[in-house]
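> Now for the letters of each chain:
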Amino acid sequence: MSKPKLQARMSRLTFTEKIKILEKLRDREKAIVAAGLRQESVPKKARKQETQQELE
Amino acid sequence: MKATLEAINQMQADGVIGKYAIGGAVGATFYLAPAATVDLDVFVSLPDPSHLLVSLSPIYEYLQARGGRVQDEYIVIGDWPVQFLTPGNDLEREAVAQAITTKVEGVATRIMSAEHLMAIALKTGRAKDHNRILQFIEQVSYDPAKLKDILERHGLNTKWQNFESRFLKE
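Chains as they are written, first to last, in the working numbering: chain A, 154 to 209; chain B, 7 to 176.
Derived by calculation from the structure, the hints in this document are not laboratory data. A couple of the hints might just be wrong.
[To be verified] Mimicking SDA-like on lysine to any residue, the simulated pairs with C-alpha atoms at most 25 Å apart in a straight line are:
(1) B/K129 x B/A114
(2) B/K134 x A/V186
(3) B/K175 x A/R179
(4) A/K158 x B/K8
(5) A/K177 x A/M163
(6) A/K183 x B/R132
(7) A/K173 x B/K154
(8) B/K109 x A/S155
(9) A/K183 x B/E100
(10) A/K177 x B/E12
(11) B/K154 x A/S164
(12) B/K134 x B/A114
(13) B/K25 x B/A114
[As the list claims (entries may be wrong)] Label-pair ranges, simulated between beta-carbon atoms:
(14) A/L178 x B/E144: 15 to 21 Å
(15) A/S155 x B/G21: 45 to 51 Å
(16) A/I185 x B/A9: 33 to 39 Å
All C-beta atoms, glycine included, are put in the ideal place defined by N, C-alpha and C.
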């Protein structure tokens with residue numbers, strides 16, 4: 154299945170179904186960070202100082 | 007998520023917060039295909055907006071007394087790290103006021119409209135925010151007339167034109 158078709162199909166799921174997927178994605182991310190395979194993402198406060206003025 | 011939303015709803019019923027609305031990636035997921043995120047952004051109006059200094063302390067105290075755990079800028083409720091944010095401008099206040107009601111696992115909650123999520127993403131302007139706007143456009147998950155109205159009323163037309171010329175024109 155192509156990516157656009159898959160995204161369209163996923164977007165039609167109920168919100169509850171989508172939240173379940175989000176929770177699986179979140180848990181996978183946590184497991185990857187815990188295993189040292191990826192660094193934890195930059196805290197939000199720091200991220201907010203990043204590219205805020207790109208479109209100014 | 008169910009426990010998280012139940013705790014937020016109870017906090018609202020107990021008068022600690024006024025109206026609230028979920029924004030950010032989780033809010034966008036209501037309209038789009040799910041995209042990975044580790045936290046839940048909840049915009050809250052506080053019951054007494056007359057105070058010049060807005061404090062989230064009552065929220066933290068309330069939730070910590072009920073098992074919430076502070077972790078960096080989040081408070082973990084159930085199994086979700088939640089970041090509570092007070093609306094910082096008229097756009098965000100309107101987004102909270104006009105949020106739509108839905109249910110997750112049978113629990114009622116409020117989500118920002120697609121058009122408000124797009125306008126806030128445009129105003130914030132990080133790469134991931136631009137990506138989210140593009141997803142809304144690609145998946146035709148918004149009302150263009152409503153978005154146009156919001157952008158005009160909140161002074162975001164120039165930013166939108168810049169976004170269009172950068173991302174939507176060949």
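> Does each hint hold? Answer for all of them.
Tested hints:
In summary, the hint linking B/K129 to B/A114 is not supported, as the alpha carbons are separated by about 28 Å, beyond the 25 Å threshold. Simply put, B/K134 and A/V186 have alpha-carbon atoms about 20 Å apart, close enough for the 25 Å limit, and the pair holds. Of the supplied pair hints, the one linking B/K175 and A/R179 is violated, its CA atoms being roughly 34 Å apart against a limit of 25 Å. Between A/K158 and B/K8 the CA atoms are separated by roughly 29 Å; this puts the pair beyond 25 Å, and the hint is violated.
Only pairs whose Cα atoms come within 25 Å are accepted, and A/K177 paired with A/M163 is accepted, the gap being roughly 14 Å. Taking the CA atoms of A/K183 and B/R132, the gap is near 23 Å; set against the 25 Å cutoff, the hint holds. Restraint check for A/K173 and B/K154: the C-alpha separation of about 33 Å exceeds 25 Å, so the hint is violated. Simply put, B/K109 and A/S155 have alpha-carbon atoms about 30 Å apart, too far for the 25 Å limit, and the pair is violated.
With a C-alpha separation of about 34 Å, the suggested pair A/K183 and B/E100 falls outside the 25 Å cut-off, and the hint is violated. A C-alpha spacing of about 20 Å is found between A/K177 and B/E12, which places the hinted pair at or below 25 Å, so the restraint holds. At roughly 23 Å between alpha-carbon atoms, B/K154 and A/S164 fall within 25 Å of each other, so this suggested pair holds. For a cut-off of 25 Å, the pair hint linking B/K134 to B/A114 is broken: about 28 Å separates their Cα positions.
In summary, the hint linking B/K25 to B/A114 is supported, as the alpha carbons are separated by about 13 Å, within the 25 Å threshold. The hinted range of 15 to 21 Å is satisfied by A/L178 and B/E144, whose Cβ atoms lie roughly 20 Å apart. Look at A/S155 against B/G21: about 50 Å separates their beta carbons, and that is inside 45 to 51 Å. Separated by about 24 Å at the C-beta atoms, A/I185 and B/A9 break the suggested range of 33 to 39 Å.
In summary, the structure is inconsistent with hints 1, 3, 4, 7, 8, 9, 12 and 16 from the numbered list given earlier, while agreeing with the others.
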